[in-house]
Each structure stands twice: as structure tokens, then as C-alpha cells.
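Engineer: Residues per chain, in single letters:
There are 2 protein chains.
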Amino acid sequence: MISNSLRDVYKKKTHNSRKLYNDSVKIFPGGISHNIRFFRPYPFFVNKATNKHLIDVDGNRYVDYWMGHWALILGHSPNVVVKKLDRQIRQGTLYGTANDISIKLGETIKKSIPISELLRFCTTGSEATMYAIRIARAVTKKRIICKTIGGWHGFNTDLMQSVNYPFEIDEGVGMTGREGDFVESIPFNDLDRSIRLLESVKDDLACIIIEPLLGGGGCIPADINFLKGLEEYCKRNDILFILDEIVTGFRLNFGSVSSLYHLNPDIITLGKIVGGGLPIGVVCGKKEIMKVANPVENRNKEQLCYIGGGTFSSNPLTMTAGYATLDYISKNRQTVYNKINKLGDIARNDLKKLFSDYGLKTEVTGLGSLFLTHFLSNKVNEIKNANDVALSDNDTLTKYHFSLMTKYGIFFLPHKMGAISIVHDVKDIQSLINATEKIIESDILTIMKN
Amino acid sequence: MISNSLRDVYKKKTHNSRKLYNDSVKIFPGGISHNIRFFRPYPFFVNKATNKHLIDVDGNRYVDYWMGHWALILGHSPNVVVKKLDRQIRQGTLYGTANDISIKLGETIKKSIPISELLRFCTTGSEATMYAIRIARAVTKKRIICKTIGGWHGFNTDLMQSVNYPFEIDEGVGMTGREGDFVESIPFNDLDRSIRLLESVKDDLACIIIEPLLGGGGCIPADINFLKGLEEYCKRNDILFILDEIVTGFRLNFGSVSSLYHLNPDIITLGKIVGGGLPIGVVCGKKEIMKVANPVENRNKEQLCYIGGGTFSSNPLTMTAGYATLDYISKNRQTVYNKINKLGDIARNDLKKLFSDYGLKTEVTGLGSLFLTHFLSNKVNEIKNANDVALSDNDTLTKYHFSLMTKYGIFFLPHKMGAISIVHDVKDIQSLINATEKIIESDILTIMKN
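Going line by line, the protein sequences match chains A and B.
This note's numbering puts the first residue of the first sequence at -4, with every later residue one more than the last.
This note's numbering puts the first residue of the second sequence at -4, with every later residue one more than the last.
Worth flagging that the hints you see were computed from the coordinates, not collected in a lab.
Every residue gets a Cβ at the ideal spot worked out from N, C-alpha and C, and that includes glycine.
Any given hint might turn out to be false.
Stated by the list, open to error - With a Cα cut of at most 27 Å, we get these calculated DSS-like pairs of lysine-lysine:
1) B/99 <-> A/6
2) B/14 <-> A/105
3) A/21 <-> B/230
4) A/296 <-> B/379
5) A/326 <-> B/105
6) A/99 <-> B/8
7) B/105 <-> A/21
8) A/402 <-> A/422
9) A/14 <-> B/281
10) B/281 <-> A/21
11) B/14 <-> A/286
12) B/433 <-> A/282
13) A/296 <-> B/21
14) A/14 <-> B/106
15) A/379 <-> B/296
16) B/374 <-> A/296
Said to hold, decoys possible - If you want the ones that stay clear, here's a sample from chain B, every Cβ over 12 Å from chain A, calculated:
17) 2
18) 191
19) 404
What the hints assert, rightly or not - A short, non-exhaustive set of chain B residues, derived as facing chain A with CB atoms under 10 Å:
20) 88
21) 90
22) 129
23) 356
Let's have the full structure, built from the sequences with the hints guiding it.
Structural biologist: Here you go:
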């Protein structure tokens, strides 16, 4: 638990947020519009964000490592995006029709991701993964979807299985109880056990969908051999291999992890970064696969796989922000990825060393510009999968993130991994390390130390 | 079929669009990001929209009645929205946190819709309806969802049943074939038959979800007695009554159809207008119901109904555009609804009279500012439901909409209802009537006349 004195510091600094939260619970269940955005005693309320900062309604400034659910690789409201949006808001936010700017963003994605021969824009990541597995079922004429335990692919009904600990229990109430009949969950980074589980369902297995780095599940990179092994298994058995790159797409390199790892997935889902801070989801895939969703060629229900779309798909505002973002990164890709990946390395290494110097058992996981600290516990000695994350010392992680936020103005959404953007610099990482050291030295983490 | 000469006129006017479409099919399945946006020979490509006009890449201007899937009640890029967006794009597009502007939009919706005691923002209408039925299942502990034949609630897997003609066949390939086990489809506007069908499943019936006006299904208002009858049936049998007002919310009055019709639904879904032209979905409902989605009070999986949310939920850009829109309408509500509803009446009445004067058997359906012409056929004598719409003379409707677009610069998405916004005026409706008369008098509709 967070100490009362620290909580008091927070309350004193966030007087206006507290008032707004009291209003907010009368409007929204739990006072929020996304479960993970709540933290105790109440979340602060933002009314402005620029570059690397969130500024709350009490005027507190936070160096932001949450970065819009890790979407804002150029930081908040970067000039290159604002400039283009400035024009576009005057020229239409929602045409509801085919438009030229969609082609520019589509082409950019297509050029940078080899398997992206055809793609469909939709509006959210949850939609993108739902459509990806629908396409997989359509193409393979099989029904079962394989996902990893702790894998997070959004709130769609089809993939709401084995997301949160305890993983074997249904993801909350309100499901029919039968959704799981067509989902097989495999242990992350354990190829042998995964293959054994798949063997029993392979005749009806449509696809494997997997994040190259467990995002919501705890910032754990997939072993390359795990990914390669699953991909090979797919190719051998007429199963589609889907990389869910909503988090990793354009985050680690200009394009997809598949290029870095020499993978050859059939479908890739994108979101976050490619929308430039506006709502987006994308399903990309090989032509032979994606053509099942072509309504011009497949004119009846027995042929066509219906996927959205939606009212807001390829809206010119998102397309503009997405294209401005990718265009900027494309022209500066060496600088961008060198910088943020290097800062990620520094953050992980320096945090590890610091915790180790103080005799604290931690792991700092991640890849490129993504990182998260895990406090190990008597239940967990290493972090290999989402189960380990769930069983590690999350109370200490809460205290750590809450202290960073309250005393040092450094914001991680409690328990969630951080994302470095190009507006962060080495001084920010140094400040994070310094703040962490002070937190270790104060009494906040003493329970753990003892 | 559209005549070759008319098609040639279109091709001549849309040279740049044709080139773009040729590029587009290399990027997107069918060249589009939403199935209904395709029409033959190819859709024009928009690169600007202001007030009532779409302007395509060849410089053609169209008076737009599609209005961003009927979302843009103030027209394209209205000043009141642009002014606020202008500021907001510089202050963050995606905080990923609680924020003050969400409260303003939330409060406005809450005040204007009586049953909206608590609400959750998400990003699309498809998400809103998916979460609404999840909540219904959670609260009732029952599994079956009732929808109407031809009812359209977005692309989510749960509700992709009986959407398109032939309604009894699965909605395309890529489903497990078992989704329908938990969906009961009832005939629109036929209360007796509907109740008989519901009787057989009522013990496991979680909710009825219904549009007060069939939108995608053909612009057909539900009879008030049909809605009231279903609602009463729900109240008697512990079934939740859900009004899907993604199209009708804030379209016919400032708030919900439930106020106009004295209905008392348990949940209402919103989208489109309340986002002010940016991506949004909303689930609103009574407190006793919505509280199942409160993650602060329900801390474990056996209690909590998980609903999104999503990365983009309550993002400050959408919240700003939505609030600016509702705030403007609120202050001018008499003027706004009087104007657009009256223009809708004029459009429906004058079109009806015109077609009748020429001896053409049509119906012009709709409500308030929404309207659609149906050409009757030897299969269909009146328009009561989506089946009638599917069996009416859609070839003639295609020709009519295509002629309006090509020869008179008046845009309806082919086959889809039109939406009048406050930037339309009586002269626009008169131009529509005049153009329609010329089309009738030309040879374009002669096939039907004979």
C-alpha cells in the first residue's frame, strides 16, 4: 500500500483533480473511460499535453512515459503533425468517402512492411485484431484461434480470453461462456508446450495471433525462436500466422518486427503510431489472403469476408496525422530509432544496475524504447511471461510509479510499461534514474528491501 | 444498369479519381476502406469538404447528403468546431488519461438523455453496441441477444447476424457458424410475430437491441407501438431494452428518441453526431445497470464486466469536437431541429408528390432530417422492413443516385439514405426536386416508367 503521507502529498497537489474526479464518478462508471486509467486514490485530470509533458488541471507537469498508450512516438502535439492538422480541420474531418490522403498513408505502410500487400483501415486496434482473425477463419475455413496467455488484443469478444490473471477464469461477466470453445491459449515463450497444445487442435486451427512483445501483459519480448517456431508450425499446417504489432509497429524500426526478425507472417495488425495520435487500426496482409475481404470481387455472402470499415475508417484527420508522422520518421529514421532505442537501452541498463547496487531483486524488461521494471517476489524469480508479471511484487511497483509521479513529476501509468519518444532526452532518463535512487533511499521501498 | 453514356460523363469528370482508384486497388482490397463506399465504375476521391460540399480531386463539387455517414449535423468543418479544434490540436490529441473535457461532453449527454445516468466513452459505434450487449448479458446472467432483421449495429462478431439480404444466410465467411446460437432475429415492425419468436427463447434472453429507425437497413422508422410493445415485453420478463441511437441520437431532437416517444430503455448507444465529426461510440444506461462495468467497485473477474475503453476512448480531440457540436446545438436547438426536420418534411413530401405526378410507384421513407427514396417493383408494393428494401427496384435507385451525382452534383452514397444538416437550405431541397424531375423526364428512369 502507498503510505498515507505520500497519498497526502498527492492529494494536496491535485486538489482540482479530486473535485473533477468527484464529478466524474457521477458520469462514468468508476469515473474513467478505460479501466486501466484508474489508480488510487484517484487519477489526476489532464487538460493539456505538449512535447514530453502532461499538464494536469492543478498545473502539475509530468514527464510522460505513458505517451498516449505508447502511441505518441513524436511526443504530444508535435509541430509536424499540428501543421498538417491545422489545415485539415478546415477541410473536413470526416468525408465518409474514398480520399486521396488514405492512399498516401496506405502506400507508406505498404512500402515499409513487406507482407503488407493489401490493407484495410479501421478505427481501433480492437477492430483490427477482430477483423484479422475473421479473415483467417475465412481463408482457412477453420475456426480455432490461438493466442498466448496474457496476450492482449483489445476488448473484442473473440479475443477476450486468458488476458488477465487468473488466466483460466473467464474475462469478466457478460460473455456467453462459449467464446472459449474456439480459442486455444498457449504459454508465452514456451515453444515445446505450445506446440503440444496446438497439436490437439490443429485440424481446426485457423491462426496464431501473437504480439512480438507482450504489451499489456508486461513488456516481455518474445524469443525470436519462439516466434520462428510458431511461424514454421503454421506454414507446415496451413495455419495463418498473425503478428499483432499494434504496439510494436513503427516503434522499433520503420515498419514491422518481421523485418528485424526475418519473419514472414500472413497478416499484421497495426494501430497507435500509424495514426499519429488519432484513432486508427489497420489490417495488413498478403494479397492472396486479404482478397477475401474485397467486396468488388466477392459479391455474395458465400465468398466475401465482411470486415469494417466503420464510419470513421480512413477519415482524413487520422490519415493526415498518420501520414505526417510516418513521413517525418521516414525522413529521419536513423536519428529517430537510434535515439529512442539507445535511450531505452540506457534506461534498462541503468535501472538494472541501480536496483542491483541496492540489493533489490528486479528485472527491467523491454525492447527498443519500451521498458518496465518488475519487482521480484518470493513467488517469482524471473520474468518470462504474464503469469510471472502477475505474481511479482506489484505493490512495490505501485509505490514506485506513484512516488515517481507524486514526488518527481515522472509519469508512468501505474503498472504499465513506459515508452520513450523523440522528445525525451538523455537528461530525462538521468532524472528517472536519480528519482529512482532517491525513492530507493527513502523509506518507500524499504518494505521490499527488508 | 447505368447507361454507358452516363458512365462516360462520370468518367470524363473524374479523370483524377480514376487514376487514384487504380492506385487504390493496389493498396486496399477493392480500393476502399469501407465496403459501402465502393460504387461502379469507381468512387470519386475527395480531397476537401466544407459546409455542405464535398470537393473531389478533379475539382467537382457535390452538395453532400451522405454527410460523413450521417454524422455531420453541422456540415463539414463548421466554424464552431474548427475554432475549438484549432486550440486542441496544439494541446494534445491523445492524453491517454482522465481529462476535464470528457466531463463536459459526458455531462451534456447525461443531462439531455434521461436514462443516461452513467456512460462509457469508446471509439466506434461497433464497439458501443458490443459493450452494450456484454453489459446486458452480465446484468441479466442470460445469453441470447434479440435484434431485428436488417438491423445494423456495426461489424462486431456478436451482432453480425441477419444484416444483409438474404437475411437467413450467415453474414459472409469467416465466422465460426455458432455466433447465431445466441442471436434471435425478429421481423421489424411486426410486434405479434416478434413476441411469438421471443416467447420461445425468453428464459435465456438478455436483451433486445433495436434502432428506432432502420438506418443501414433502409431508412424505415420503427412504429412507436412496436417499440413500446417490445419495451413492455422486456420489462415483464427481466430483459434489457437497448435503443441503438448511433444514427438517431441528437439527430431528431436534442437527446434521444426515447424522450420523443416516451420510452424508458435500459441502455442507449450513441456515436456519430456526439463526436462532432471525430471517432466516437458511447454506451449510456441506468446506474443500476452500468455499475457492473465499474472497475473500482468490482475488483475481480466474477463481478466485473470488462468493456473498453480502448487507446482512443475519451481522447481530447473527439471530446472537444463533440462538446463544441452539442454546445452549439444546445444553444440553438429550436432553430436547428425546426430547420432540418422541416427540410426533411419538404424533401419527403415534394419527392413523393413528384414521383406520383409522373406515375412512378415509389415510397420516400424517413423521419426528421433523414430520407430515402425506394422504387417499388413487382415484388414489393410497400416498404415496411429491410426485406422490402432489398426486393425493391434497386437498379433504378442506383441510376437515380448516380444521375444526381454525375449530372447535378448532388451526392447520396448510392442506395443510402440522405441526412440534411443545418448548412442545407430550402434552395438545396428545391434543387434536388428539380434535378429529380429532370432525371424522370430524361430517359434515365424510362425503363421503370414503362
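Engineer: Work down the list of hints and note, for each, if the structure agrees.
Structural biologist: For each hint, the structure was consulted:
no.: 1; hint: B/99 <-> A/6; verdict: holds, 23 Å
no.: 2; hint: B/14 <-> A/105; verdict: holds, 18 Å
no.: 3; hint: A/21 <-> B/230; verdict: holds, 25 Å
no.: 4; hint: A/296 <-> B/379; verdict: holds, 24 Å
no.: 5; hint: A/326 <-> B/105; verdict: violated, 46 Å
no.: 6; hint: A/99 <-> B/8; verdict: holds, 23 Å
no.: 7; hint: B/105 <-> A/21; verdict: holds, 10 Å
no.: 8; hint: A/402 <-> A/422; verdict: holds, 18 Å
no.: 9; hint: A/14 <-> B/281; verdict: holds, 23 Å
no.: 10; hint: B/281 <-> A/21; verdict: holds, 12 Å
no.: 11; hint: B/14 <-> A/286; verdict: holds, 21 Å
no.: 12; hint: B/433 <-> A/282; verdict: violated, 44 Å
no.: 13; hint: A/296 <-> B/21; verdict: holds, 23 Å
no.: 14; hint: A/14 <-> B/106; verdict: holds, 19 Å
no.: 15; hint: A/379 <-> B/296; verdict: holds, 24 Å
no.: 16; hint: B/374 <-> A/296; verdict: holds, 22 Å
no.: 17; hint: 2; verdict: holds, 16 Å
no.: 18; hint: 191; verdict: holds, 24 Å
no.: 19; hint: 404; verdict: holds, 14 Å
no.: 20; hint: 88; verdict: holds, 4 Å
no.: 21; hint: 90; verdict: holds, 4 Å
no.: 22; hint: 129; verdict: holds, 4 Å
no.: 23; hint: 356; verdict: violated, 27 Å
In this structure, the earlier hints numbered 5, 12, 23 are contradicted, and the remaining ones agree with it.
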